[in-house]
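First to last, the protein sequences are chains A and B. All letters in the first sequence, in the order written, are residues 1 to 722 by our numbering. All letters in the second sequence, in the order written, are residues 1 to 722 by our numbering.
Treat the hints with care, since some could be wrong.
In this list, chains with the same sequence are indistinguishable; a pair is considered to hold if it fits within one copy or across any two.
Stated by the list, open to error - Straight line, CA to CA, 30 Å or less: simulated DSSO-like cross-link-like pairs of lysine-lysine:
| id | residue 1 | residue 2 |
| --- | --- | --- |
| 1 | K57 | K90 |
| 2 | K363 | K384 |
| 3 | K332 | K384 |
| 4 | K90 | K332 |
| 5 | K341 | K384 |
| 6 | K49 | K566 |
| 7 | K557 | K394 |
| 8 | K280 | K384 |
| 9 | K90 | K384 |
No lab work stands behind these hints, which were simulated from the structure alone.
Protein chains: 2
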Amino acid sequence: MILFAPKPFIPMISSFFRIVILSFCLWGGDIALISAQNLRSPNKVMELKFQLDTIGKPGFDFFAEGLPIVKGASLGFALAKDKDFSSGFKVDSIRQGEYKGSWNTVWGEQRQILDHHHLMMVHLSQNSQGTVRRLDIEFRLFNDGLGFRYIFPRGGNNGHFTVLEERTRLPLQQDYEAYWMPGDFDSNEYPYTRSRLSRIQALKVGEDTGLDYRYLVHDSMVQTPMLLISDQGYYMAIHEAALRHYPAMNLTVDRQQFILNTSLVPDALGNKAYLEDGDKTPWRVLLYARKAADLLTNRVILNLNEPSVLENADYIRPGKFIGVWWEMHVGKSQWQYWDRKGSGNPGDWQPVTNHGAHTANVKRHIDFAAKHGFPYVLVEGWNKGWENWYGIWKERIFSFTKPYPDFDLDDIHKHAKSKNVKLIMHHETSGAVTDYERQLDSSLALMQRYPYAGIKGGYVGRIIPRGEHHDGQWMVDHYERLAFKLSREGLTVDLHEPVRPTGLHRTYPNWWTNEAARGNEFNAWSKGNPPEHETILPFTRLLGGPMDYTPGIFQIKMNAYGKEKKEQVHTTLAKQLALYVTMYSPLQMAADLIENYEKMPEPFQFIKDVPTDWDTTLVLGAEPGDFIYMARKGRDSEDWFVGAITDEQERIFEFEPSFLLPNRKYNMFLYRDGDQAHWESDPMNYKIIKKTIRSNELIRVRLAPGGGCAIHFAPAGQKRNR
Amino acid sequence: MILFAPKPFIPMISSFFRIVILSFCLWGGDIALISAQNLRSPNKVMELKFQLDTIGKPGFDFFAEGLPIVKGASLGFALAKDKDFSSGFKVDSIRQGEYKGSWNTVWGEQRQILDHHHLMMVHLSQNSQGTVRRLDIEFRLFNDGLGFRYIFPRGGNNGHFTVLEERTRLPLQQDYEAYWMPGDFDSNEYPYTRSRLSRIQALKVGEDTGLDYRYLVHDSMVQTPMLLISDQGYYMAIHEAALRHYPAMNLTVDRQQFILNTSLVPDALGNKAYLEDGDKTPWRVLLYARKAADLLTNRVILNLNEPSVLENADYIRPGKFIGVWWEMHVGKSQWQYWDRKGSGNPGDWQPVTNHGAHTANVKRHIDFAAKHGFPYVLVEGWNKGWENWYGIWKERIFSFTKPYPDFDLDDIHKHAKSKNVKLIMHHETSGAVTDYERQLDSSLALMQRYPYAGIKGGYVGRIIPRGEHHDGQWMVDHYERLAFKLSREGLTVDLHEPVRPTGLHRTYPNWWTNEAARGNEFNAWSKGNPPEHETILPFTRLLGGPMDYTPGIFQIKMNAYGKEKKEQVHTTLAKQLALYVTMYSPLQMAADLIENYEKMPEPFQFIKDVPTDWDTTLVLGAEPGDFIYMARKGRDSEDWFVGAITDEQERIFEFEPSFLLPNRKYNMFLYRDGDQAHWESDPMNYKIIKKTIRSNELIRVRLAPGGGCAIHFAPAGQKRNR
């Protein structure tokens, strides 16, 4: 327990830490006593008042800057079989303390993170027919957020038990404006909707979103992260941290009274979680910010996660990758090798004419990666099974060890090795996770043989075990087990269609990125993502962790691949560049076809230059749904990068680069929208400006509608390989 | 398809086979036509009349010796989503043929098996809004049974689909006496109940059976095999054959009209099966016999299974084993190594004082096995996880690679190798099959390293994936996948608590035995098995395949292990010997403590002598629930063995050993109940008689109540190692 036996966080060096026991209180009263105790944030701006009501129901009030945020929250569980674990409690003791320390990230948006909070541990017990069952509730109050979780202590007399529902109930005090997504049990690939809480209509979302498999349940159920904007002007985000061995949390909103009720994702039987004494729930988190921009550097979720469990993190090298991938999305090539038209009998199948993952094409990508300094190449469609995989809910579809006949593993890896490039193995499970897990050991052995750098995993479709959901406990366990197992093999993990992240990349730095939201790919074959989409994601999805959004599409209009194609990316080209700064991931894709980069080497230079690991991050300005302006300094580098993006509105982005060292000249490489650029009508119109600049010079850039700007500042006079 | 391209059955040699096309009929009529076609068994004793009624519903009548057995059977399915696939059909064509051939068993009750049947393939189609969906129904009519199955032909336009229910409905024509067991989705370890069909009360069974986890659904639902005894004196057994990629079949009995309705075991969502075009259902089987004894040599179920898929069967060596096993059942030792009393914190655990699977004890068993000619030793409790495993429905409990600290893998296997003994590895999954499958590759690697002979698997408790059942499609797939995977590793499979067998040991001879019924172990710690139990099993459970019943208990009364123990085995000692003949398994346990065998070497000699692989099997007399008298000749041997068992009634067993070679003398070793023996009061009272005998001499033996007799005939004058 952190309070009494603080351990230095390994392998990071704590620059300072401090524990103060603020109070200790033994509560002798019976359950008729109304008990209360207050906890304040270190800066005293936030205040939490824990209380036990007359029927022994635990709860709290929560205030920020004197304003009531939550009043009359109640806490607890319904356990099988019909066991109420939300009232009838008494308080055994309450302890308070302060923690102040810092830790170094393995990679990330900043090198060092401060963790300063006050904490309160409430020890409760419930006497039911002579059996005393125990429940602890832990609160951590930061200057910019609150986290609390439930702990079922060892020896707490619950044994092994089933959670029917978590009864966390948070009555908010106003009808917030919210950015929300439906409380789907399987998908987080919706666009965001903005509305008052009272106007949430979750079931209306999704008809034309390009999502084939959706699992919606309730019209007022939303998922987290959810962003709330108050009438007073402050911002809140609601999410969870350290989601482990527990289902994801949705929120069922009382639209009249603005009460948020926790609704856990069920398993096949409708149960929520299978736990035992010693288990903890994830943290329920409220982030608070006076201005929106501050949410983007809020580190409460990371601080609530456990330190890294990796024995060795040397193999985790942030970087960029290209892939045999977008060419399938735009229809240039196919994942599958066999054409199964005709009899349907595999013996009669013929190879297709445009299989993407063939040896020559992969080697071409390796050559390109080596030439332009990309350490990784992803290849999709390398393995058997793509002929009939989509939407059929079949257990055995893919092999994770058998390549197609035109994918020469030895030849490809020999070539990759000679070029100092590593492959990322693609593991599309089609949701058949039982079968994937059966094959995992042999697939890992194959990855070690060459070796691969890691995996990109996919979970398209309904889950097997049938009845389980992407966001239920069983799958949450799967993702973590996968990350842990691969960490021991020196392999990295990038998951598509997993549960939304909750800061576990602190604990498993090799599980470094996820899709888990609506990525750039939707622009290739659906109605796409609205121009504001990328200005919302960092306020919502990315609060939980990095996103493999796959930016860098230069060929914005899909009609380049066929006249019949009407789709297009809903940004300008310059905004695609800016996303490398505003949309954080330690593993970042240059997603377009390599021939498009070859055609446009000048803007491509920014992608080559921008790092994926940062020393410092500054938000120069941000408003969700409108714009994000960010500046970041590369780790172990003096270079700074700026990304500015806007929604469908044209904007002027104006700033002084005061973060640059004073009295020093920098070469500025500025990639902006062309004068007539517009995301819809003229998206590929860009302009590159190179000049020398100092920290006190004003920079003023027009962002086109749906546009953006990317800037690279490099100290002048340094020899650079450009 | 067997009809037009008969393949010789490999690797067995077919001594003869013959195909005759009896008829071919193209049906041009529309669905309003009432269509019918008859099929007769080769000996014309059985007759099947297929028909399509006025609404296009397929069905049949079935007669044996002119008596109506089934009248107005109907066939078909309910498919998702609300798709009726049981009417609206028309007949495209019907083909009939005859097959006659024989095949050799890898091991079994007899060396060669004749397969002679007439067959009828009915091709149906259903036109639904312009889509023509196809269904084939295949009938095979033997002289002693009927099998039929559904085939979803390739290109049949059902694609991938979900079976909501199979609508097979068999109206019987009388209120049979039946031996039945409740239609539990997870357990087949009930004692049998005898009643008329009209008196089935499935929910009343089980309260005092010693079964902790039961999943009963319906008061008139029973499982198969079910034995039926007619008023006219003939016998029928209802079961299925070749249960693969499909759930097990229960039967819901209409107790007024004696109609059997197929009720498939559901998955977590209530669906029954996930299939695609090209899949076949198991065979639905009716076995028919004029006298009960003939059912015990009925090979219809084996004939309906596919030939062996093994590339190599050399490693499959029938034989007997001893084990570190019964000592845990009687409380002499424990499976677990750690005593988890106290804090509940693993760091505080102490070793127990009587862990069974310690190195010295295992080596003692290896020495015993070597000395007495047992090729295999089973060790339970060798692996980590036994401290808290039972009934907690937790996913990760057991390790299948990590031995307890006192189980020295290297030392034990070095010793075993020097003694030419192999170990059987125990894999208790506690029902957590997902976790077992994750660990399987690494466990197989461990087994190869030493090597082990095979596994004894166990599935005690509720299944994970949660909501799945032992007898559902997902688990049926699991068992087969396991058998196949281990076959490729040269490992044998003996499963406890799996779905009931359906003859798949023909296809996977390495999956050579199963428990899958109420075994001898229940006598150690429950109300036990009634004395008639072993006279019913060969008429029911064993119709599907061999059983690992674990006979050979000499210390009948458990009070030898503690005064407080009231349990006892419900047979005499001599009957325990007879079970080696009457209860077939190619892998047979000598289940008692080896020290008990050391104390009683004379009766133990029979266990040492009796083989587990036979050339010929004869039934000298049998009545279910009363007695079974069997004679078998060892494979590649001139020795004969006789087993005779009775229920709670005393009987005189009298026969001439006319199966012996005439004009030849045999040494007879006869193990019978002592004169005062009685299963309850004096069960260990036995007598051994040795004499020389010829084939025409009458042998007359008293079987005590709950008793039996075992006889070994060895040609006289041969040098034997006794």
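(message) If the cut is 30 Å between Cα atoms, do K280 and K384 qualify within a copy, between copies, both or neither?
(response) between (40 Å within a copy, 25 Å between copies)
(message) Checking an output row: K57 and K90, CA cutoff 30 Å. Within, between, both or neither?
(response) Classified as within; 9 Å inside a copy, 66 Å across copies.
(message) When Cα atoms must be at most 30 Å apart, do K90 and K332 count as within-copy, between-copy, both, or neither?
(response) Neither: 66 Å inside a copy, 45 Å across copies.
(message) I want to check one pair: K341 and K384. Are their C-alpha atoms no more than 30 Å apart within a copy, between two copies, both, or neither?
(response) For K341 and K384, the Cα distance is within 30 Å only inside one copy (17 Å; across copies 51 Å).
(message) Within a copy, between copies, both or neither: which one fits K363 and K384 at a CA-CA cutoff of 30 Å?
(response) For K363 and K384, the Cα distance is within 30 Å only inside one copy (20 Å; across copies 47 Å).
(request) Pop the pair K49 and K566 into one bin, within, between, both or neither, using alpha-carbon distances up to 30 Å. (result) neither (56 Å within a copy, 60 Å between copies)
(request) Go through the copies and call it for K557 and K394: within, between, both or neither, with a Cα cutoff of 30 Å. (result) neither (35 Å within a copy, 51 Å between copies)
(request) Please work out whether the CA atoms of K90 and K384 approach to 30 Å or closer within one copy, between two copies, in both situations, or in neither? (result) neither (59 Å within a copy, 39 Å between copies)
(request) Tell me, please, which holds for K332 and K384 at an alpha-carbon limit of 30 Å: within, between, both or neither? (result) This pair counts as within: shortest intra-copy Cα distance 20 Å, inter-copy 53 Å.
Checked against the numbered hints above, the structure violates hints 4, 6, 7, 9; every other hint is satisfied.
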